[in-house]
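Asker: Sequence:
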Amino acid sequence: MRESAAERHDRLLALVRERGTARVSELAERLGVSPVTARRDVELLAGRGLLDRVHGQVSWPERQGAPGAGRPGEGLVLGLLVPSATYYFAEVIRGAHEAAARAGARLVLRVSDYRPEEDRARAEGLLAAGAEGVLVAPGWRGPEDRLAYGDWLAELPVPAVLLERRAEPGSPLDGLDRVASDHAHGVLLALRHLLSLGHATPLLVARRDSPTALAVRAGYAEALGTLGLAEPLPVIDSVPAEADPEGFERAARALHDAVGSGLASAALVHNDVDAIEIARRLAELGVGVPRDLALIAYDDEVAALADTPLTAVAPPKRQVGRHATELLVERLTEGSGEGAGDGPGEGEAQARRHLSLLPWLRVRSSCGAPARALRP
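Be aware that the sequence shown starts at 0, since it is given in numbering that gives the first Met the number 0, and climbs by one per residue.
You may find that some hints are simply not true.
For each label pair, taking beta carbons as the anchor points, the in silico distance ranges come out as [as the list claims (entries may be wrong)]:
1. P142 - V53: 48 to 56 Å
2. T36 - A229: 56 to 64 Å
3. P142 - R290: 36 to 44 Å
4. T36 - G285: 44 to 52 Å
5. E73 - E123: 38 to 46 Å
6. D291 - G55: 50 to 58 Å
7. E245 - T36: 22 to 30 Å
8. P34 - D112: 33 to 41 Å
9. P168 - E17: 19 to 27 Å
10. T225 - D112: 34 to 42 Å
11. E167 - E230: 22 to 30 Å
12. E73 - D291: 19 to 27 Å
In short, the hints are calculated from the structure, not lab data. These numbers come from a predicted model, not from an experiment. The beta carbon of each residue, even a glycine, is placed where N, CA and C say it ideally should be.
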């Protein structure tokens, strides 16, 4: 089987760490790749802060410890199960891979393609591949999937960290470590920004087909309450234009009519792709962004590439992957914490953690405001 780029990067990092310093030409020879490929890999890893590069040579960064010094997760194998390796989760994977490399661990990936009924088998495949702990973002699309395909996670024989998913309070899954974006906070940032620009209560256009979409919907209702606002219109259901052209047209028309009737001058749209397509369709119907409608997208995957660059809520996806991996390495290196002298007490287990990371708002042209980043 052909070696993946991630596996080659792991080997390259191991070589540099072993030697302390190495020439790019030497790395190309040891890795069995062309000098161009080795140079490209080195530039990528140096850009991520995993290597230092000077005059044709690369060295192990001093901030990561001296070459040959042990690292917390040295030799560990970590499993990562995600529903997609592209949109949204590509950055989560990247953060996890970087953190694993820093810890000296190897990351093994499985993708469920949003088929939650296959999550358990894929997780068992990770264990068969040697994973000593797993990071899991189940392929749930809604609460019914969580109920039908969730309990097995709490039965895993190895430590597990839940990624970008929230468990039902009091359920077995609620006792797992988890790291997730606080989407309610992201929605609140978006609404506050639009209100600060003088718009009336913004509308929400959102999907229903993922935990993020449902969290954005719940966050919208929560934000309206926090801001003391009444819902101007029911949430407009959004669907992918290529999968359901008629449903997409209904969503675009509903937003068009709300703008035309004066009920709305601002909207938050989940996700980026839908926001770009809706802005294009609105332009065809005579509604301009930001001339007639201030628009914010949710996800910030491709929002900056729209004809009019879209202001977007950016969940900290890469940091979710990084922090979850660091937490899993800590669990594996400290064990259960029983008898640990630095724990809460002699013989007590280390407390589980639910870590929420706050999104930020990247302001671009679609709100008619100067470009800047609003961080929490």
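Asker: Please go over all the hints and tell whether each is borne out by the structure.
Answerer: Verification of the hints:
1. P142 - V53: 48 to 56 Å: holds, 53 Å
2. T36 - A229: 56 to 64 Å: Holds, since T36 and A229 (Cβ atoms, about 58 Å apart) stay within the stated range.
3. P142 - R290: 36 to 44 Å: Distance hint for P142, R290 holds at roughly 39 Å.
4. T36 - G285: 44 to 52 Å: Distance hint for T36, G285 holds at roughly 50 Å.
5. E73 - E123: 38 to 46 Å: violated, 26 Å
6. D291 - G55: 50 to 58 Å: holds, 55 Å
7. E245 - T36: 22 to 30 Å: Given range 22 to 30 Å: violated, Cβ gap about 47 Å.
8. P34 - D112: 33 to 41 Å: holds, 36 Å
9. P168 - E17: 19 to 27 Å: Violated, since P168 and E17 (Cβ atoms, about 47 Å apart) do not stay within the stated range.
10. T225 - D112: 34 to 42 Å: For D112 against T225, whose Cβ atoms are near 36 Å apart, the range 34 to 42 Å holds.
11. E167 - E230: 22 to 30 Å: With a Cβ separation near 26 Å, E167 and E230 satisfy 22 to 30 Å, so the hint holds.
12. E73 - D291: 19 to 27 Å: Given range 19 to 27 Å: violated, Cβ gap about 58 Å.
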